[in-house]
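Chains A and B are the protein sequences, given in the same order. Throughout the first sequence, residue numbering follows our numbering, covering 172 to 691 in sequence. Throughout the second sequence, residue numbering follows our numbering, covering 172 to 691 in sequence.
Heads up, some of the hints might be wrong.
Where chains are identical, the list cannot tell them apart; a pair therefore holds if satisfied intra-copy or between any two copies.
As the list claims (entries may be wrong) - Below 30 Å or equal to it, Euclidean Cα-Cα: the simulated BS3-like pairs (lysine-lysine) are:
#1 K210 - K382
#2 K222 - K206
#3 K384 - K178
#4 K222 - K310
I should point out that these hints are in silico values taken from the structure, not numbers from a laboratory.
There are 2 protein chains.
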Amino acid sequence: MKTKQNKSCVKKFILTPPTLEDNTADADRLIMAMKAELKADSVNIDFELLKKLPGLLRESNYNVKCIIYKDLERLILAGVTDSRKNQIIAGMAIDLGTTRVVLRLLDLESDKVLGESSFDNPQISIGPDILARIHFADKNGGLNVIKGMIIDSLNLQIDALCRESNILPQQIYLLAVAGNTAMTHLFLGLDPRWIIREPYIPVVNRPGIIKTKELGIRVNPGARVLVFPNVGSYFGGDLIAGIIYSGIANKEDTSILVDVGTNAEVVVGNKNWLMACAGAAGPALEGGVTKMGMMAGPGVIDRVAIKPGTCKVEIHTIDEKPPVGICGSGLIDLAAQLFLSGMIDIRGRFVPSVCGDQLKEKDGIRHLVVARSKGKNCDSPEDIELTISQVDLDSLIRSKAAMYTILETITMSVGMSLQELSTFYVAGTFGSFINPVSAISIGMLPDLPINSYKSLGNSSLGGATMALALFDCMEEIDKIRNNITYLELNVNQEFMNRFSAAKFLPHTDPLLFPSVKVFS
Amino acid sequence: MKTKQNKSCVKKFILTPPTLEDNTADADRLIMAMKAELKADSVNIDFELLKKLPGLLRESNYNVKCIIYKDLERLILAGVTDSRKNQIIAGMAIDLGTTRVVLRLLDLESDKVLGESSFDNPQISIGPDILARIHFADKNGGLNVIKGMIIDSLNLQIDALCRESNILPQQIYLLAVAGNTAMTHLFLGLDPRWIIREPYIPVVNRPGIIKTKELGIRVNPGARVLVFPNVGSYFGGDLIAGIIYSGIANKEDTSILVDVGTNAEVVVGNKNWLMACAGAAGPALEGGVTKMGMMAGPGVIDRVAIKPGTCKVEIHTIDEKPPVGICGSGLIDLAAQLFLSGMIDIRGRFVPSVCGDQLKEKDGIRHLVVARSKGKNCDSPEDIELTISQVDLDSLIRSKAAMYTILETITMSVGMSLQELSTFYVAGTFGSFINPVSAISIGMLPDLPINSYKSLGNSSLGGATMALALFDCMEEIDKIRNNITYLELNVNQEFMNRFSAAKFLPHTDPLLFPSVKVFS
Numbered sequence: 172m173k174t175k176q177n178k179s180c181v182k183k184f185i186l187t188p189p190t191l192e193d194n195t196a197d198a199d200r201l202i203m204a205m206k207a208e209l210k211a212d213s214v215n216i217d218f219e220l221l222k223k224l225p226g227l228l229r230e231s232n233y234n235v236k237c238i239i240y241k242d243l244e245r246l247i248l249a250g251v252t253d254s255r256k257n258q259i260i261a262g263m264a265i266d267l268g269t270t271r272v273v274l275r276l277l278d279l280e281s282d283k284v285l286g287e288s289s290f291d292n293p294q295i296s297i298g299p300d301i302l303a304r305i306h307f308a309d310k311n312g313g314l315n316v317i318k319g320m321i322i323d324s325l326n327l328q329i330d331a332l333c334r335e336s337n338i339l340p341q342q343i344y345l346l347a348v349a350g351n352t353a354m355t356h357l358f359l360g361l362d363p364r365w366i367i368r369e370p371y372i373p374v375v376n377r378p379g380i381i382k383t384k385e386l387g388i389r390v391n392p393g394a395r396v397l398v399f400p401n402v403g404s405y406f407g408g409d410l411i412a413g414i415i416y417s418g419i420a421n422k423e424d425t426s427i428l429v430d431v432g433t434n435a436e437v438v439v440g441n442k443n444w445l446m447a448c449a450g451a452a453g454p455a456l457e458g459g460v461t462k463m464g465m466m467a468g469p470g471v472i473d474r475v476a477i478k479p480g481t482c483k484v485e486i487h488t489i490d491e492k493p494p495v496g497i498c499g500s501g502l503i504d505l506a507a508q509l510f511l512s513g514m515i516d517i518r519g520r521f522v523p524s525v526c527g528d529q530l531k532e533k534d535g536i537r538h539l540v541v542a543r544s545k546g547k548n549c550d551s552p553e554d555i556e557l558t559i560s561q562v563d564l565d566s567l568i569r570s571k572a573a574m575y576t577i578l579e580t581i582t583m584s585v586g587m588s589l590q591e592l593s594t595f596y597v598a599g600t601f602g603s604f605i606n607p608v609s610a611i612s613i614g615m616l617p618d619l620p621i622n623s624y625k626s627l628g629n630s631s632l633g634g635a636t637m638a639l640a641l642f643d644c645m646e647e648i649d650k651i652r653n654n655i656t657y658l659e660l661n662v663n664q665e666f667m668n669r670f671s672a673a674k675f676l677p678h679t680d681p682l683l684f685p686s687v688k689v690f691s
Numbered sequence: 172m173k174t175k176q177n178k179s180c181v182k183k184f185i186l187t188p189p190t191l192e193d194n195t196a197d198a199d200r201l202i203m204a205m206k207a208e209l210k211a212d213s214v215n216i217d218f219e220l221l222k223k224l225p226g227l228l229r230e231s232n233y234n235v236k237c238i239i240y241k242d243l244e245r246l247i248l249a250g251v252t253d254s255r256k257n258q259i260i261a262g263m264a265i266d267l268g269t270t271r272v273v274l275r276l277l278d279l280e281s282d283k284v285l286g287e288s289s290f291d292n293p294q295i296s297i298g299p300d301i302l303a304r305i306h307f308a309d310k311n312g313g314l315n316v317i318k319g320m321i322i323d324s325l326n327l328q329i330d331a332l333c334r335e336s337n338i339l340p341q342q343i344y345l346l347a348v349a350g351n352t353a354m355t356h357l358f359l360g361l362d363p364r365w366i367i368r369e370p371y372i373p374v375v376n377r378p379g380i381i382k383t384k385e386l387g388i389r390v391n392p393g394a395r396v397l398v399f400p401n402v403g404s405y406f407g408g409d410l411i412a413g414i415i416y417s418g419i420a421n422k423e424d425t426s427i428l429v430d431v432g433t434n435a436e437v438v439v440g441n442k443n444w445l446m447a448c449a450g451a452a453g454p455a456l457e458g459g460v461t462k463m464g465m466m467a468g469p470g471v472i473d474r475v476a477i478k479p480g481t482c483k484v485e486i487h488t489i490d491e492k493p494p495v496g497i498c499g500s501g502l503i504d505l506a507a508q509l510f511l512s513g514m515i516d517i518r519g520r521f522v523p524s525v526c527g528d529q530l531k532e533k534d535g536i537r538h539l540v541v542a543r544s545k546g547k548n549c550d551s552p553e554d555i556e557l558t559i560s561q562v563d564l565d566s567l568i569r570s571k572a573a574m575y576t577i578l579e580t581i582t583m584s585v586g587m588s589l590q591e592l593s594t595f596y597v598a599g600t601f602g603s604f605i606n607p608v609s610a611i612s613i614g615m616l617p618d619l620p621i622n623s624y625k626s627l628g629n630s631s632l633g634g635a636t637m638a639l640a641l642f643d644c645m646e647e648i649d650k651i652r653n654n655i656t657y658l659e660l661n662v663n664q665e666f667m668n669r670f671s672a673a674k675f676l677p678h679t680d681p682l683l684f685p686s687v688k689v690f691s
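If we strip away everything but chain A, and leave its shape as in the complex, we get:
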């Protein structure tokens, strides 16, 4: 993420003041300097900024800092400040998640992080998933309501973050926003209805660089927001941001980038080509299906171990609070440990002879007690049993099989095997908690050397941050977007065959997972 100084969005200009011999207009004087320095065809100056320019130039004695984004061959001037005043010039990177929105405030000159905050996407009150929100937006006035929710929250959070960081929102000149296609539409107030209806058409793939005041974002009145483009309805700007952040599009070697979640979004490629696809891996991977599954939070089981030969499930909970549920990474750990200890078989079925009395049957379905707890409500006198059922396991196995099949399909589509990939990037907050050894053990991820797995953390936020550090980042973004070939995942017989083979633990073909050894 190192930035060359000359790539900064903030540029200093010392202009020669006008004379009778050189009576170029104020704007033209600045535009000429910008074009000469930054090799661009034209410069766009916001009208309100144009009004202030004569005063700004004269007060600063023609010694100014310009805040600049480049869009195609055009420079966009978002602001001009007096070079001699040492005021922070800030930018804001935004990861516009369906569930959670994360903000990062940056000093655009030093690239220093001034502060970070996050908040639950207020649109959750309409519906936790994007589908419910799109249906809501469809109704009369719904689009404005749901757009207003995110914009209002952003304004509040920007204000708060600025206060904490001792700057004013007016000092924010550039923003970069990465979100999936639907979230981006709702953020922009664009009708998302055609995204979910055949043939699945977004309003726009490349919103470009937009004036914040057109969106109602209260920062500097001239500020612009770079909106990450999408490839289509099911491959959004958050993933383009992830590709930027991972750097796979700059490498000679071929890498893979996977955003693990309800949808598995996958990119395979290198500096010459990129192949992408997205497919439903099933909510089980996020812990959203099992009865005790929940989002990460205090008391949620995030790590599981079973000592070989003991069948005793040892759990770790977040903040080491009494257990209240299990999150996705905990679930993957649990399944891996159950399998390695022989408590479930190669088909993911409980082995009663191994599980012993921890296995119970309710309504004809087997449940394994994972932990006992007083539950969330500590006043409750009764113990709560946290269990995992055969249904939960079956669901997890379908999800992991779908994930592996998607990875295998996209890699094979470019004539490679998974084993040939040099680096395996796991993106997303959830992805960063997955233990690759466990994911390999159940055959969700391929059996690559552990050090080839790299967790990127919040790669959308990372990509958005990078976009604030490079005045011409849009060029790289466009290049990546244009380089992506989108692979439609056809659920044909071949896909189904691969899927069936992947429904075993770790796989019907154990040669694909040489490192996975069941405790014996």
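The hints should help you fit chain B onto chain A, whose structure is shown.
Same frame as chain A, now just chain B:
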């Protein structure tokens, strides 16, 4: 002014509707079609238009008309309509005069004029000249007040003109505005204070193509206004529009274009080069100095004849009403006839022996009675004498000498003589009333064959109209602006010598005016 059909600002597109195999986003689908058809690097779609696009495309079954301007390599989409609805798509050309504002409403598809109107610039209430207005704008809030005056009036007049023409203001998608540099600044709400202070710096020379909603003009919300660029503080967009209208920049032969008024703005050139200058010719030419001088209107003397040998001044008045004053073209006629009839000499002095008892002396200054009238107030029982004084004549001669000297200087600066010019274009409403024979007789304009003089009428409005007929007119405008070399008129000894020589009627060198023959 003939326009090639493919140059129209309104383009039809029949798009292929999306399918699962071709699920390009709505905006990208239209952008791709526009880029392919019109050879441009990028397309700018207004954000509000983007919001409406999905509906528009589907309702029209992907059969749309796009209203497009081109700015540099970028297409600007001002509007999209359903091709199958036969609604007029209109444009508005505006001549933004210091004194008078003229509007012309056009059908952008047929280039047919739908209506015209004009109104006094309401800023006259602040001051008749631009200087007073700039000082007013300097005061706290003054700029907004004076900008609001012109915008409010424009909105009212646009509404009225639309009503008369049976269209709605929402049907206006493109505007083109031509005004001098100061008027353009006041129209845009840009601080004009530095225009009149050394070293005379406009805020911007090339305002470009602006959203009407940014200016508060109430037409279609997506409409754009092309603002003619200026060359500097004293050579404005009205003159660039005049150059476009005259066509001099497309000709092999070298022509001259003169806007005759208080300021003489002159362009000499051809398709390879353009040389421009502006200089004060003095208000006498517009009839603004003489006691009986006034703007053209009913009862104003606009033509004068003196039958050889009679000394009897025969007048013609506008609308043939009783005489109330004299306008600029009448004054030039009068001076020419006085000179040709021997009533004034080569220095412009009254010849008492010829003038006879029509010559009177008031306060030691000679006055010649031109007409007698009941005056404006017809109830007045007394006759009013309309007279021209020696002071008036002296002032007129200084003005005509300045005009001729400017014409001579700019022509000599390119190594030519005035006689070598193929066409002499006279621009401006006032210019269109000047009788070239009279102007030549007093040596204000050079002694060229009468048919080489062409009156352009309102060339600013003509140029603005042309800008609405060509989607890429900005290219020609930029080319012209970049081709212009601006000649600073240095009032040095050589200039003064030429000026002194031109203070005679028609000139100290009669060989320059072979056609001028005093009645004998």
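Here's how the hints hold up against the structure:
1. K210 - K382: both (23 Å within a copy, 26 Å between copies)
2. K222 - K206: within (20 Å within a copy, 32 Å between copies)
3. K384 - K178: So K384 and K178 pass the 30 Å test inside one copy only (26 Å; across, 34 Å).
4. K222 - K310: between (40 Å within a copy, 15 Å between copies)
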